[in-house]
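*Asks:* Numbering (the numbering used here), first residue to last: 102 to 644.
Check before you lean on any hint, since a few could be wrong.
[Claimed, not checked] Ranges of calculated distance between the beta carbons of each label pair, as one might list FRET restraints:
hint, residue 1, residue 2, range
1, N471, A585, 22 to 30 angstroms
2, L640, G292, 32 to 40 angstroms
3, S580, A467, 39 to 47 angstroms
4, G178, A239, 44 to 52 angstroms
5, A522, A563, 47 to 55 angstroms
6, N471, L642, 40 to 48 angstroms
These are calculated hints, taken from the structure and not from any lab test.
Since this is a predicted model, take the numbers as computed values, not measurements.
C-beta atoms are modelled at their ideal positions from N, C-alpha and C, and glycine is treated no differently.
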Amino acid sequence: MPVRNGPAPCAPRALLAIAVSLSGWLTAGAAAAQAPPRDAQAEAALNEAMGTDYLETRFDQAERKLRAAIDACGESGCSPAVKARLFVALGSVLAQGRKELGDARDAFADALRIDPSARLDPGLATPEVSFAFEQARAATGASASAAAGARLQMTPPPEQRVRTPVPLYVEVPADLLPSVKQVTVWYLPPGEDEYRPLVMKKLRGQGFGINVPCSALEKEGTLRYHVAAVDEDGAILASAGARDAPLATEIKARPAAAPPHWPGYAPPATCAAPEEERPRQCLDDRQCNGGLACVGGSCVARSASEAPSGAAPDVRRNWVSLTFSPDVALLSGRDVCTVASQTSDNFVCLRGDGTRYDGTPTPGVADDVNLGFALATLRVAIAYDRLLLDNLTVGGRVGFAAGGTSGGGASFLPLHLEARAQYFLAARPFERIGARPFVLAAAGVAQVDAEVDVEVLEDAAACGASADITTPCTKPGRSGRIEARQQTLAATRQAGQGFASVGVGVAYAPLDAVSLNLALRAGLTFPAVNAVLSPEVGLSLGF
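Let's have the full structure, built from the sequences with the hints guiding it.
*Replies:* As structure tokens, this is what we get:
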């Protein structure tokens with residue numbers, strides 16, 4: 102939520118601060134009788150400008166009176182301390198009242214050249230005034246806090262989505278923490294030319310955080326900002342970035358980086374319409390809408406039955422895909438083309454003319470498949486997946502397979518049916534474009550046919566040949582066909598028709614509604630058991 106920062110001149114806190122500062126000026130005026138001739142007039146002008154005009158937000162009049170008093174002092178008409186206070190007051194009016202930080206810096210620089218010990222009045226040390234005063238200190242070389250050059254520890258978020266708060270987080274050096282009164286960030290929204298201040302809130306340990314609100318992030322562009330920690334006197338103790346060299350976060354419609362967040366807190370949610378805003382990141386209940394409470398850094402419903410959904414409202418929940426997958430089977434076997442093996446081990450052996458082999462191979466001679474991988478069936482399927490949680494999809498696939506064996510009386514099931522669940526490893530991956538790694542589990546109906554070439558030597562006794570392997574067969578086999586003594590058969594291992602598999606993959610989304618998918622599945626078929634690897638490529642469209 103937006104945070105009100107910096108004391109406005111008409112605020113009650115500012116009234117007290119101005120009253121305190123006026124008491125100092127009035128006390129100083131009591132000694133005017135012993136001061137240089139124009140000190141009394143200068144003090145009177147100072148009191149009127151700051152005690153009346155500044156308090157009543159008549160900044161133009163306050164500036165005119167202060168400049169007139171400075172001109173009346175001339176080179177030596179006023180003491181250095183009084184003239185320096187005039188310049189400090191003028192700088193405060195320019196910085197806080199007129200927002201002219203460059204001119205304010207010049208006024209403060211004049212004050213420090215006249216009186217190097219000049220300081221801000223604590224009641225006027227707003228973030229803008231302190232910033233301009235520290236710039237003047239740097240420009241004049243005037244002594245400042247010993248820690249003024251310290252750096253705040255800050256890692257700027259590289260990207261954030263449009264209309265999503267930018268969570269900024271800094272850590273103050275431990276030795277400075279006791280002296281820090283306030284940590285302020287000045288931010289420049291995309292397309293604007295005036296910095297806005299936000300006072301950061303104390304988190305844990307040395308950390309301070311604040312969200313740049315949605316209202317400043319309505320369009321794409323660069324969010325620029327710088328941060329400073331100040332003490333009781335408004336002196337800058339440490340900083341991150343600078344007005345002329347700000348830090349930056351790119352505001353995009355489709356960021357590729359992970360959503361930024363404070364350490365130990367949830368990322369802020371994209372803002373909905375104002376009446377529906379439900380920020381997820383918070384420090385206390387006041388930053389949550391009605392009916393919500395701040396629990397563990399997130400805004401949640403006070404009643405568990407009203408707890409908001411964990412997924413962002415603008416993600417694509419339905420995905421339709423077209424996939425292509427070749428099967429690679431791991432197989433082996435001994436005496437694979439015997440009648441017994443073709444009956445019980447789900448092998449099919451075909452001769453060169455496509456007919457089923459039913460001869461009698463010589464036992465122990467060739468007719469084996471050594472353990473290895475073989476290209477099997479090819480699959481094309483249409484898939485539908487539904488995003489149920491932030492990173493879990495459940496769906497199904499239906500398609501057909503090609504490359505199976507159906508000759509020689511064998512049968513092949515060309516249908517592919519699959520149920521699948523995919524768990525994405527990144528947090529809320531569908532809220533951004535880019536890579537989305539995942540793991541998967543699947544089961545369904547499919548047949549995997551893997552074909553290899555097998556050499557067989559017909560048994561001499563069974564086919565009526567002599568022991569010499571060059572002699573031909575003379576007796577017909579079971580089908581009445583005389584087999585060639587030596588021949589190469591196409592042996593196909595038919596596995597399935599059920600399967601179960603697990604796998605890993607990555608989906609790359611160049612657009613929020615388009616995804617290119619690569620995966621590798623490893624599984625087993627049953628009841629005819631075979632190990633299968635299945636690389637997969639696909640294109641998905643979300644809606």
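*Asks:* Now tell me, hint by hint, if it's right for this structure.
*Replies:* Status of the hints after comparison with the structure:
1. N471 <-> A585: 22 to 30 angstroms: Distance hint for N471, A585 holds at roughly 23 angstroms.
2. L640 <-> G292: 32 to 40 angstroms: Between L640 and G292, where Cβ atoms are some 36 angstroms apart, the hint holds.
3. S580 <-> A467: 39 to 47 angstroms: About 21 angstroms separates the Cβ atoms of S580 and A467, which means 39 to 47 angstroms is violated.
4. G178 <-> A239: 44 to 52 angstroms: Roughly 30 angstroms apart at Cβ, these two residues miss the hinted range, so it is violated.
5. A522 <-> A563: 47 to 55 angstroms: The hinted range 47 to 55 angstroms holds for A522 and A563, with Cβ atoms some 53 angstroms apart.
6. N471 <-> L642: 40 to 48 angstroms: With a Cβ separation near 44 angstroms, N471 and L642 satisfy 40 to 48 angstroms, so the hint holds.
Against the hints set out earlier in the document, violations occur for numbers 3, 4.
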